[in-house]
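Engineer: Sequence:
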Amino acid sequence: MKKEIEQFDSIVIGAGHAGCEAALALSRTGNKTLLLTLSLDAIAFLACNPSIGGTAKGQLVGEIDALGGEMGRNADKTAIQIRMLNRGKGPAVQSLRAQADKNAYHEEMKKTLEKEKNLFVRQGEVDKVELDGEYKIIITRLGLMYKAKSVVFATGVYLKSEIIIGECRENVGPNGFKNSSKLSDSLSALGIKLLRFKTGTPMRLHARSVEYNKMELQLGDNGIMPFSFMTEGRVENKAVCYLTYTTPETHEIIRKNLDKAPAISGEIKGIGPRYCPSIETKVVRFADKDRHQLFLEPEALNTQEIYLQGFSTSMPADIQKEMLHSVVGMEKAEIMRDAYAIEYDCIDPTQLKPTLELKTIEGLFFAGQINGTSGYEEAGAQGLIAGINASLYNQNKEQLILKRSDAYIGVLIDDIVTKGTNEPYRMMTSRAEYRLLLRQDNADMRLTEIGRNIGLVDDERWQKFQAKKGKMAKIEQKLETKVKVDEKLSNLCKENDENVPKESIKLRDLMRRNNIDIYKLDKTYGLFDETEKSLLEFVNINIKYEGYLKQQQEDVEKMLANENVTIPDEFEYTNLKGLRKEAIEKLSQIRPLNLGQASRISGVSPADISVLSILVKKFKEK
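In my numbering, each number is its position in the sequence shown, counted from 1, plus 1.
No wet-lab data here; the hints were simulated from the structure. All values derive from a computational prediction rather than experimental measurement. Heads up, the beta-carbon is just placed ideally off N, CA and C, and yes, glycines get one too. Each hint should be verified, as a subset may be incorrect.
[Said to hold, decoys possible] Straight-line Cα separation of at most 30 Å, DSS-like style, residue types lysine-lysine; simulated pairs:
hint, residue 1, residue 2
1, LYS465, LYS118
2, LYS475, LYS524
3, LYS148, LYS90
[Said to hold, decoys possible] Here are the computed distance ranges between Cβ atoms for each label pair:
hint, residue 1, residue 2, range
4, PRO249, ASN172, 53 to 59 Å
5, LYS534, ASP498, 22 to 28 Å
6, LYS472, ASN500, 31 to 37 Å
7, ASN515, LYS194, 52 to 58 Å
8, ASP498, GLU332, 48 to 54 Å
9, ASN303, VAL173, 20 to 26 Å
10, ARG592, LYS534, 43 to 49 Å
11, GLU496, GLU253, 27 to 33 Å
12, ASP460, MET429, 35 to 41 Å
13, TYR520, GLU115, 40 to 46 Å
14, ASN303, GLU253, 34 to 40 Å
15, ASN303, ASN492, 53 to 59 Å
16, GLU461, ARG338, 52 to 58 Å
Required output: the full structure, derived from the provided sequences and hints.
Structural biologist: What follows is the structure, encoded as structure tokens:
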């Protein structure tokens, strides 16, 4: 008897942060979508730190939200503390970060998925992927079969994952969840190159056993913008965090036991994240430092578990305890869950197009940690783009590619598919060359229209966006007002160490002065009664940084000149005269879409690009 194959428009494998965004994007754009997950209890699970956002990551969450994704809304609903990082620095590097209630985040996202009429959530382990013409057949461990035109792989760190604590190894996923044992082999059989990476997580402590009086209190910020442009009001701070430090004794315990540290001894073969190393790696790498920062963050409001950020380790359990008790305020701390490292399979992301579709097989998309990235936010961003492009693929429409000048999401995807990564990739503000244009506060202005055209921005969000644009136009209009030289203006200038103008001046021109901003104008002239502070701040930044923004925009236009020179699919690099051998190898492997992408490939020089531009032009003329 032939087995029944249930048909969908799209299938998403994995329900972490990438899988949730992909499944919602597909179902909300009219695709009958199946979301398969190893465990319903692991949907949107915050496997590591109980937080959303952070440096550069906050920008990603804002962009996901502006395009019509879910992460920002869910973070606002479940946040228990919120802070704006880098407030003392320029607006280009300021990023929102929230402590999320770990349990509530999972529950809220699961509810959101279950309410989608086109989305079918199913627990099950995928063992095999087969190709059948334009369809892809998914076979589960229980022998169930599903087919769809497009499939999004968002398997996170679950492919052949192993938890490692000292000499103990266990074939499970994060938190002891079941792993995926056979899907890696099926991907390899399709010709997909796999890598082996690793990451880790710290121990969880019982709150009652921590001596907070020895630590520094870390409060949330009041009155700052939430992640989602749809969230009304402000996020309430319901919890506090604490800062403490390791000690020379901690470092001595670690050094004495390095032979038992899998991350140091070579027992762990997978490549770990450079920017989020284990505590033993930090002690070895930064031997001159006598202490390292550690943050205590509550996991949720309905548990006493505390996350010890900065203390990731794979040391044996007994040594973990000894290390912990040497930390300031942790002398009597009780461990509730041991820290561990996790090794897992992922793919080489250079096998993907900038749409996150596999180059060699149409309709297969990959998103999240399976692409060699780290972080919930990086995963959510890729999941959203993969879901959008799988939907567009189903409709035989041109797929979406966000440029580096459009969004941090564009930088992230361009980096991994063009340059690849030899360690878990983490988004940072330094990776974005146009970061002043890509601020967290202007994500909706950059991306909402794109989300609307795709079909993810609903009428409510669109109306709110249009209303915001209208309010900002009124602010700009008021700033065109000229004020005469009178006592008000004289006092304003003198109080702020500015010269008094000799004739009437536009308010906008006053703002260009170093010591006068929109808030001081408002205080003097009462211009913006009841106008939201976030709108005033947006306009204030645009005027204060006008020159820098103009320069970055000019840089973008120069960059786009190369981005607009497309390289035809049938263009062959082999045996091209004038190109170095290394450049030919790299260009053949990556197969860039345009000269801009080609110029960012490691091993391709500016001289190679000059030659390539001539060769591409001749090829097109033929």
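Engineer: Against each hint, give a clear statement of whether it holds in the structure.
Structural biologist: Evaluated hints:
1. Simply put, LYS465 and LYS118 have alpha-carbon atoms about 25 Å apart, close enough for the 30 Å limit, and the pair holds.
2. Our distance criterion of 30 Å between C-alpha atoms is met by LYS475 and LYS524, whose separation comes to about 18 Å.
3. For a cut-off of 30 Å, the pair hint linking LYS148 to LYS90 is broken: about 51 Å separates their Cα positions.
4. In this structure, PRO249 and ASN172 break the distance hint of 53 to 59 Å, their C-beta atoms being roughly 38 Å apart.
5. The hinted window of 22 to 28 Å between LYS534 and ASP498 holds, with their beta carbons roughly 25 Å apart.
6. The hint said 31 to 37 Å for the Cβ distance between LYS472 and ASN500, and at roughly 32 Å that hint holds.
7. About 54 Å separates the C-beta atoms of ASN515 and LYS194, a value consistent with the hinted range of 52 to 58 Å.
8. At about 52 Å, the beta-carbon gap between ASP498 and GLU332 stays in the expected band of 48 to 54 Å.
9. The given range of 20 to 26 Å is respected by ASN303 and VAL173, whose C-beta atoms sit roughly 25 Å from each other.
10. Remark: the range hint 43 to 49 Å for ARG592 to LYS534 is upheld by a beta-carbon distance near 48 Å.
11. At roughly 56 Å, the beta-carbon separation of GLU496 and GLU253 lies outside the given 27 to 33 Å, and the hint is violated.
12. Checked against the hint of 35 to 41 Å, the pair ASP460 and MET429 passes, with Cβ atoms roughly 36 Å apart.
13. A beta carbon spacing of about 45 Å between TYR520 and GLU115 agrees with the range 40 to 46 Å that was offered as a hint.
14. For ASN303 and GLU253, the Cβ-Cβ distance of about 38 Å falls inside the hinted range of 34 to 40 Å, so the restraint holds.
15. Taken as a hint, the range 53 to 59 Å holds for the pair ASN303 and ASN492, whose Cβ atoms sit roughly 54 Å apart.
16. Separation of GLU461 from ARG338 is about 41 Å and departs from the stated range, judged on CB atoms against 52 to 58 Å.
When the structure is compared with the earlier hints, violations turn up for hints 3, 4, 11, 16 and for no others.
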